[in-house]
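Participant: Since the structure of chain Z is already known, use the hints to place chain H on it.
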Amino acid sequence: MSTKVVMEALSPTMEEGRLVEWKKSEGEAVAVGDVLAEVETDKAVMELVARAGGTLLKQVVPAGATVPVSELVALIGEPGEPTENGGAPAQEQATQPAPDRNRPVSMPPAPPEDAANEAPGPVQMPGPGVESAAPAPASASPGGRIKASPLARRIAAERGVELASISGSGPEGRVVARDVEGAATAGPAAAPPPAPRAPARAPISRAEGPFTDVPLSQIRKTIAKRLTQSIGPIPTFYLTTEIDMERAWDAREALKALGEGPKISFNDIILKAVAAALRQHPACNAWWQDDHIRYWNEIHVSMAVAIEEGLITPVIRHTDVKTLREISTESKDLAARARDRRLKPEEYTGGTFSVSNLGMLDIDEFTAVINPPEAGILAVGRIVERPVAHEGQIALRRRMRLTMSCDHRVIDGATGAEFLKTFKAMLENPLVMVW
Amino acid sequence: MSRRLLVHDLGHREYGEVLELQRDLCRRRVAGALATDVLLLVEHQPVITLGRGTRATSLPLPPAELERRGVSVFEVERGGDVTYHGPGQIVGYPILDLREHRQDLHWYLRTLEDGLIQALDALHVEAGRIPGQTGVWTAGRKIASIGVHAKQWVTFHGFALNITTDLSYFDLIVPCGIEQVVMTSVAEELLRSDGEVLWAEAKREVVKGVVQAFGFANSADQDPLW
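Chains as they are written, first to last, in the working numbering: chain Z, 45 to 479; chain H, 42 to 267.
To be clear, the hints were calculated from the coordinates, so they are not data collected in a lab.
20 Å max Cα-Cα, derived PhoX-like pairs, lysine-lysine:
1. Z/K67 <-> Z/K48
2. Z/K67 <-> H/K192
3. Z/K376 <-> Z/K366
4. Z/K366 <-> Z/K307
5. H/K192 <-> Z/K68
6. Z/K48 <-> Z/K68
Listed next, the stretches of chain H that the computed footprint assigns to chain Z, with coverage defined by at least 3 CB atoms under 8 Å from CB atoms of chain Z:
7. 207-215
8. 222-229
C-beta: ideal position from N, C-alpha, C; glycine also.
With the rest of the complex left out, here is chain Z (with noise of 0.2 Å):
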């Protein structure tokens, strides 16, 4: 007569536990006090230690499988002694519906993906009853299923690998790991039905396409959380610094005395400049996307543009690549046509970064708000002749005051104000930005 040796409560609060591994294959001998199998619940993992001595006839679980508490796992006895035809043990277990303690619907004994896995058609059972059959060998009752390790198993479920079509190399064809590995690899050509499943992670940063997605970090997590905690959905910070525009005055007078192309505003210069110092400073250059952050690898500068009802945000597409000439052109399009609000919905969206000018407004300087999911917008204030200390002397300079309004969750102090250098010295010697 055979030991039956169940799954053990480590807890009174304890309603199941995952098998986790088997320490005795069966035909293993066993003496009292050996470890069978290693058992987890919650986070703590406990050996399953063997009563009785014998030889571990029979492995009831795969490794892997939740049981309910003191469900039987596994049987220990004499070699030889019968487990599978018609062996009294074996009944026993097969005409027991299993004490159906109050087991969680979402925790039948064996992982779901089994089901799906099992050999395909034949094994299904004629209505719920059991006793229709005649007692099943024990290698089909726990369905006729495909010889895998548990962690293949996982493998294949985390793949969309299908078992049955994977040969075994284990014993008895049995499939392990590696041939889950192997088959996911080799590709769809090994899996015969075209099962596509979601990749496990999205894959990570690539210079290539459009834009590239970075999960966040925990710094980045901890700073977005801190941040909208202290100050609102988009945690905005604000750099300000002062321009001196003399070597921007000249050049677009010397451009305007060329008397050809259109008429060049500081605006395009500043959306030039912006665009060029972006590329050499991408992480200003994104989007806050909640779990991500969206680094864009193209730069398309939206400007603020006060329309009767209020204001939109036109967008220059490749803003970098393009010549201040084509810049110019086309925001005096785009500005024109929104204000006769002729502009069509892409053309005032997926913007990266955004500018918004109220010199014209003779406003010295003031803060923009953000225009999300984008992380920076550049608020530019008039151009004004203030006295400044310039080579040891007072002077009256052209000078241009602007602010940064920056998402802390993209961007940092340090990194706006490295952008803002950059674009600074743009302004303050034009020959930069083609340098």
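Facilitator: For chain H alone, kept in the frame of chain Z given last:
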């Protein structure tokens, strides 16, 4: 109860070395060659350990790549998914014979959590549990991880509480297999930069917390760590 908990502060030690020590102490405790419960406290160099509940997706980087970054990887017998240990983290390994407490692994996990919650409370970090997610949490962020093993009701492995831990290391893994988990530390929560003072204070509170939660009879005058 008049039993005392023997507390050993091992300082900086290799993970593998302390793992062997734990296994040895556990065997002795099972065999009766060690008559008292022991708490080992230790600080490890960067190491990632894979518990018995580790999912294939919890370790996005191959172990060889981690080794290249100076992080060793151990597959161990404790419960739970993947975790990280490293400098600035108080790692505690209680070797307790639960037959002298309660033969109840869930009670053991909850009591460990209690001890850490008490310690954090003393450090002015408001912490608690999230049902079904073993460990200690503060405002939805995870501050301490727990994963244990029991051999004939003698425990080993244990807990890891982030004090001044460099949290960026957790980016190498999917901590506890929970995709969206945000890890935090005491220093991070309190915005404290006096790492060394905090470290000593925290270690004292952890010992005190564990002693009180399990009802040991240690007292301040007996124990230098108090």
